[in-house]
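Trainee: Sequence:
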Amino acid sequence: MTEPVSGAAEFEASDFKIRRPFLIPLALLVVLLMALLLTSLAHGEPGGKIIILAVMIVPVVVLLVESLFRRIAINSEGVAAHKLLRDKQVRFDEVQAVDLVQVRKRAFVTLSREYDFLIISNAYERFPELVRLLLERSPETAISEETRKLGESAPVKSSDIVSCWLAVVLVSVILYLQFNGPL
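So for the sequence shown, the numbering used here puts the first residue at 232; every next one is plus one.
Calculated from the structure, these hints are not laboratory results.
Calculated lysine-lysine pairs in the BS3-like style (CA-CA distance at most 30 Å, straight line):
{"#": "1", "residue 1": "K388", "residue 2": "K336"}
{"#": "2", "residue 1": "K319", "residue 2": "K336"}
{"#": "3", "residue 1": "K319", "residue 2": "K388"}
{"#": "4", "residue 1": "K314", "residue 2": "K388"}
{"#": "5", "residue 1": "K248", "residue 2": "K388"}
{"#": "6", "residue 1": "K314", "residue 2": "K248"}
{"#": "7", "residue 1": "K314", "residue 2": "K336"}
{"#": "8", "residue 1": "K380", "residue 2": "K248"}
{"#": "9", "residue 1": "K248", "residue 2": "K319"}
{"#": "10", "residue 1": "K248", "residue 2": "K336"}
{"#": "11", "residue 1": "K380", "residue 2": "K336"}
{"#": "12", "residue 1": "K319", "residue 2": "K380"}
Required output: the full structure, derived from the provided sequences and hints.
Mentor: Structure follows, in C-alpha cells:
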C-alpha cells in the first residue's frame, strides 16, 4: 500500500475538480429527468415507458454523483485521485512513465509505476495547468519528448458540455409536450 501524499511547505497543494460548466447542465438534466418521470407517473403513462425512463435516469444520476466527488490533488510529493468510495495516490518518486494520449479533443494523462497506474482525463478544470504540474513534478526520465510536446498544448474538451446542454433542451421539450400536448 502506498503512503498518503502529504503536503509540503515549499509547494502548496493544487486541487482540480470536474469542470463546473459540465456539472451544471448534468445536474439540470437529472432534475428534468426526475420531473419527466414524476409527470409520466402522474399522467398514467404505460409501465414500459416508466421503466425505460427509470433505467435511463440511473446512469445519469451515477455520472453526476461520481463527477461531484472526483478530485485530483497535486502537491510536492505526488498526486492523489479522489473518487466516490475510493482514493488512489501516486508518489512522484515512484513514477516510471508519464504519457499523454490525445484522441481528437479528448486527452488522458497516465502516470505509471511498477505495479499500477493512474489515468486522468481532460474532464477536469484547468487541465493544461494540471498537466504542467504533473510534468514539472514527475521524474525527467519518465517523460518522453512526445509527451512534453503534447503537454505544451493540452486540449480542453467541450463536446461533453454541448451534449449535456442538448440533452437538457431535448428533455425540456419532452416535458413541455407532456404538459401542453403537441407544438
